[in-house]
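Top to bottom, those sequences are chains L and X.
Adding 12 to a residue's 1-based position in the first sequence gives its number in my numbering.
Adding 83 to a residue's 1-based position in the second sequence gives its number in my numbering.
Do not take every clue at face value.
Cβ pair distances, simulated, as ranges [as the list claims (entries may be wrong)]: (1) L/D308 - X/P139: 52 to 60 Å; (2) X/A278 - L/L649: 25 to 33 Å; (3) X/D194 - L/R536: 28 to 36 Å; (4) X/F205 - L/R536: 33 to 41 Å.
The hints are simulated quantities; they were obtained by calculation from the structure and are not laboratory data.
Note that the structure is predicted; figures quoted are calculated from it, not measured.
C-beta: ideal position from N, C-alpha, C; glycine also.
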Amino acid sequence: MLVRALYLSAIWFAISLFATLMLGARLRRSNSALSLLWLGVIIIAGNLIALFTFGKFLEIFGLSSIAFLFGLLWIIRLRDWNAPGQVTWAMTLMTTGLFIFYTFLLTAFSPLNPLSFIFALLFFFLEAITLLLALAHMHESLDVICRVRWHRLLDKLDPHPDYLPMVSLQVPAYNEPVDVVQKTLDSLAQLNYPNYEVLVVDNNTPLQETWRPLEEICRKLGPNFHCLHLDKWPGYKSGALNFAVTQTDPRAEIIGIIDADYEVDPDFLRELVPAFANPQVAFVQTPQDYSDHKGDVFSESTYRGYKYFFEVSMPSRNERNAIIFAGTMGLIRKSVLEEIGGWDEWCITEDAEASLRILMRGYQSLYIKRPFGRGLMPFNFEGLKKQRFRWCFGGIQILKKHWEVLMPWANWVDPQNKLTFAQRYYYLLGGLGWFTDVFNLLFAFFLVLGAVFGLLSSPIQVRPLTNTILVLPAIFLFLHTSRFLWVLRNRLKISFGMALATMYNFFSLGWAVTLACIQGLIQREGIFLRTPKSKTSSRAWHAILVTQWETIIGLICIIAGFLVFITNRNWRSVSLCVLLFWQGSLYIAAPIYSLLSIRREAAKASRITDQGRPMLEQRAARWVVVLFMVMIAAFGLITVLPSPSELPAYARYLPIDMAPQQLLGQKLGSTKLAMATVSIQSTHCWSGPGGKYKQVTLLRRGQEAEILGRNADPNNPWWYVKIPDTGLECWLWGMAATTTGSVDNVPIIQ
Amino acid sequence: MQKMLQTEVSQLLEEVGQLAQQGEREKAYQSSLRATSIAPDESLAWYLRSQTAPSPEEQLMCLSRAYSLDTTFPDAKKELRTAVQTLLKQEPFLAYVHETEEFYQVRSGRDLLVNIPKNRAFDTPYLQKAPGLAKPAFRWLSLSLLALVLGGVGAVLLAPITAFQALRLQASSPSRGDRVRLWIVFILSVIIWLASIPISWLLLIRLYPS
Numbered sequence: 013m014l015v016r017a018l019y020l021s022a023i024w025f026a027i028s029l030f031a032t033l034m035l036g037a038r039l040r041r042s043n044s045a046l047s048l049l050w051l052g053v054i055i056i057a058g059n060l061i062a063l064f065t066f067g068k069f070l071e072i073f074g075l076s077s078i079a080f081l082f083g084l085l086w087i088i089r090l091r092d093w094n095a096p097g098q099v100t101w102a103m104t105l106m107t108t109g110l111f112i113f114y115t116f117l118l119t120a121f122s123p124l125n126p127l128s129f130i131f132a133l134l135f136f137f138l139e140a141i142t143l144l145l146a147l148a149h150m151h152e153s154l155d156v157i158c159r160v161r162w163h164r165l166l167d168k169l170d171p172h173p174d175y176l177p178m179v180s181l182q183v184p185a186y187n188e189p190v191d192v193v194q195k196t197l198d199s200l201a202q203l204n205y206p207n208y209e210v211l212v213v214d215n216n217t218p219l220q221e222t223w224r225p226l227e228e229i230c231r232k233l234g235p236n237f238h239c240l241h242l243d244k245w246p247g248y249k250s251g252a253l254n255f256a257v258t259q260t261d262p263r264a265e266i267i268g269i270i271d272a273d274y275e276v277d278p279d280f281l282r283e284l285v286p287a288f289a290n291p292q293v294a295f296v297q298t299p300q301d302y303s304d305h306k307g308d309v310f311s312e313s314t315y316r317g318y319k320y321f322f323e324v325s326m327p328s329r330n331e332r333n334a335i336i337f338a339g340t341m342g343l344i345r346k347s348v349l350e351e352i353g354g355w356d357e358w359c360i361t362e363d364a365e366a367s368l369r370i371l372m373r374g375y376q377s378l379y380i381k382r383p384f385g386r387g388l389m390p391f392n393f394e395g396l397k398k399q400r401f402r403w404c405f406g407g408i409q410i411l412k413k414h415w416e417v418l419m420p421w422a423n424w425v426d427p428q429n430k431l432t433f434a435q436r437y438y439y440l441l442g443g444l445g446w447f448t449d450v451f452n453l454l455f456a457f458f459l460v461l462g463a464v465f466g467l468l469s470s471p472i473q474v475r476p477l478t479n480t481i482l483v484l485p486a487i488f489l490f491l492h493t494s495r496f497l498w499v500l501r502n503r504l505k506i507s508f509g510m511a512l513a514t515m516y517n518f519f520s521l522g523w524a525v526t527l528a529c530i531q532g533l534i535q536r537e538g539i540f541l542r543t544p545k546s547k548t549s550s551r552a553w554h555a556i557l558v559t560q561w562e563t564i565i566g567l568i569c570i571i572a573g574f575l576v577f578i579t580n581r582n583w584r585s586v587s588l589c590v591l592l593f594w595q596g597s598l599y600i601a602a603p604i605y606s607l608l609s610i611r612r613e614a615a616k617a618s619r620i621t622d623q624g625r626p627m628l629e630q631r632a633a634r635w636v637v638v639l640f641m642v643m644i645a646a647f648g649l650i651t652v653l654p655s656p657s658e659l660p661a662y663a664r665y666l667p668i669d670m671a672p673q674q675l676l677g678q679k680l681g682s683t684k685l686a687m688a689t690v691s692i693q694s695t696h697c698w699s700g701p702g703g704k705y706k707q708v709t710l711l712r713r714g715q716e717a718e719i720l721g722r723n724a725d726p727n728n729p730w731w732y733v734k735i736p737d738t739g740l741e742c743w744l745w746g747m748a749a750t751t752t753g754s755v756d757n758v759p760i761i762q
Numbered sequence: 084m085q086k087m088l089q090t091e092v093s094q095l096l097e098e099v100g101q102l103a104q105q106g107e108r109e110k111a112y113q114s115s116l117r118a119t120s121i122a123p124d125e126s127l128a129w130y131l132r133s134q135t136a137p138s139p140e141e142q143l144m145c146l147s148r149a150y151s152l153d154t155t156f157p158d159a160k161k162e163l164r165t166a167v168q169t170l171l172k173q174e175p176f177l178a179y180v181h182e183t184e185e186f187y188q189v190r191s192g193r194d195l196l197v198n199i200p201k202n203r204a205f206d207t208p209y210l211q212k213a214p215g216l217a218k219p220a221f222r223w224l225s226l227s228l229l230a231l232v233l234g235g236v237g238a239v240l241l242a243p244i245t246a247f248q249a250l251r252l253q254a255s256s257p258s259r260g261d262r263v264r265l266w267i268v269f270i271l272s273v274i275i276w277l278a279s280i281p282i283s284w285l286l287l288i289r290l291y292p293s
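All chains, full assembly: derive it from the sequences and hints.
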């Protein structure tokens, strides 16, 4: 029953998601009656499919009632969403919950040796966390696309002509080319605001030729422009910004942070400063935008990848007053910055960290979704990889430092902590979300090892590969990928091809994110990733070299998939092969983007803005290599250790699996022979339907037998089978085998 | 002796003030020099010397010293800021020397050692924070959780130890925050223990099938 419920729920999920992909962004009104009607339509549509294929009327009716009540609950809770969004969310939640329950039962009651069970349990926990993270991404997507009422999102603030407090704009610079900073300062000189100063803070730039000209530029731009060079300064950018606060004009009430490569619109201050007329507002953030994104797939997809955060994540967070200060193109109240003790010099994403400490004090933040300036993106894949490493590393640092204030009990521990539930959720997710790439790599390892051990005829017995386990994750993967592409297309207004390129751009950085997650957990201080250096002058070779790990992982996945495909062509092997190709493509995207990025202007690529302790990629990767070795050793041990030779009693609690043919409704009119295939390592065939009878023979995994009859108990099925070649007839326990063909017509043998 | 010195310094400081008001800048400077040599730890002496110092460099040095001796001296703080700004207009180079909770000490491009006020609340850096009272209990909790995902048997033993630790630490008069933390650890360890029983049973039936 559980498996049928799971499939029915998955059908509702799929129907509602695809309807949302088509209608979700168009329907701009929310109405409870309409939502209930829509919920009913989705449930009935799913029920009809189930009734004509695998469903049983009473079960469908019971489950539909539960689904309706569950949907109703979310319709009431999500009043600001439209009907497709509400129903899709309810169905996603229900299907994910049922699937987690199913995988737990499978883990708990599969006939496994003890080591296999421990691995299966670990795998279950990782799988459950991954599914919960996928749920969070689904929620964010639906929140921005299906939301019909925005309470806090603004394009423009109401003007406040009399409120013109002094603003100190701080421009941190490290090793920036003079012409780049010159453009930034020229744009700041054009600001349409009467009361501001600009403070250029150059920190640790080694060459005088690089920073000395900034002094002259500031002098030319007038008395409101000041320049500082800080030498041997600790704390990197945040250390420099903390010192800059001491040098701001005492009259300044607001501090603005502008990266040295940003050209700012003249209305930046005029439009944003009115937000601070409300004394509760502590910081305002605008989207980061870039001017150099046209011309090639790498730049375009990278640009869209950045936009995703400001078009999807930030609006959703803003609705709950949970945005982050993004480090540039934002304003912050000076008194609040002083109150929290300035920027944290320990964290390499000090901007996001500071925003959390501000929100903890109960202040308001505001996101204005209009960009007011354009900067420069990393010039090649190497730069992008290092930047993503830094962001992720900083995110993990924040999680390590502040995990306790994000816990559900945080307000009891410290009543001064004024973070709301939603703020804690978004900040926790912001840190944990990075681990998706770690789990993805572990999944790729699991698939590769599964394929290799399978090819060596000693399959890893960690979890029985039931039909449901092979079908549903593939459906989940497909639905979540479709959802991601849909959000990209919808929010960023891009073609399907560009959405696909952007998605691969995201995933191609998975290796860098994985390394950053591991290093973030281990290292105490901020580090930056140093990619391998090539001895040749070939840019193409260098591009490959900086993505050597991604290339190796991607090729291993693809070769393993290919070998599985050519050695065994049943549908299980094909599905394993598809998963391996998919995983491989995510990693192979890295060298492809790296090669594409070498077409960008070479001179610009010479910018060096890394700060912190360097960590060679090879050194950072050693933990992953160790993990892989441990997995090989453990899986090797699992295959050597004996599996249960007899079917254990606890296995009766395993959920009954369904054949793909049943899912497609082939029970009606099918003339194919009913066959049973042994799905566990080995099992006995008995002289009667139960373990108390005499053992007739031992059957191995994959061995097939024709089903001649069955017992009367549908919850504990036993198949009366005929063993090919030997002609023996005996009883095979249903939980130890999967079936194909028309089993419903098999006669019951008393 | 100490009292005599204090009286002399007070007289000198009064004298500096009066001479400065009368426009006798050189004489005032000489008196302030004597005051700072007699009482080098007197912030007012350094401040008054800064008011009569003949060069901006010396003025800056004196203000910096006055501020470092008394970080709550508002006039010294205010004028130090102005003096630093003037210095930076001529030479924007500053090298880090060290810092306290109150100020940075930097070396300027002209080789002057200057103290610069921080003007912000002090937040103990994360890595220097002393571990809280509840930390040992959290460590046991982490071990219990790890044991739970690794088959559960270890958690059957470790979770009660965690609960015991949490209760034991409750007795050592913790702060309100730590008291709540310890109760949370206690509740979580009970939950882990309850979850570990069926999971370890599932492992044990695989170890001993009969």
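Results for each hint:
The hinted range of 52 to 60 Å is satisfied by L/D308 and X/P139, whose Cβ atoms lie roughly 55 Å apart. Separation of X/A278 from L/L649 is about 26 Å and conforms to the stated range, judged on CB atoms against 25 to 33 Å. At about 35 Å, the CB distance of X/D194 to L/R536 agrees with the hint of 28 to 36 Å. Between X/F205 and L/R536 the C-beta distance comes to about 21 Å, which lies outside the given range of 33 to 41 Å.
Going down the numbered hints, you'll see the structure goes against just number 4.
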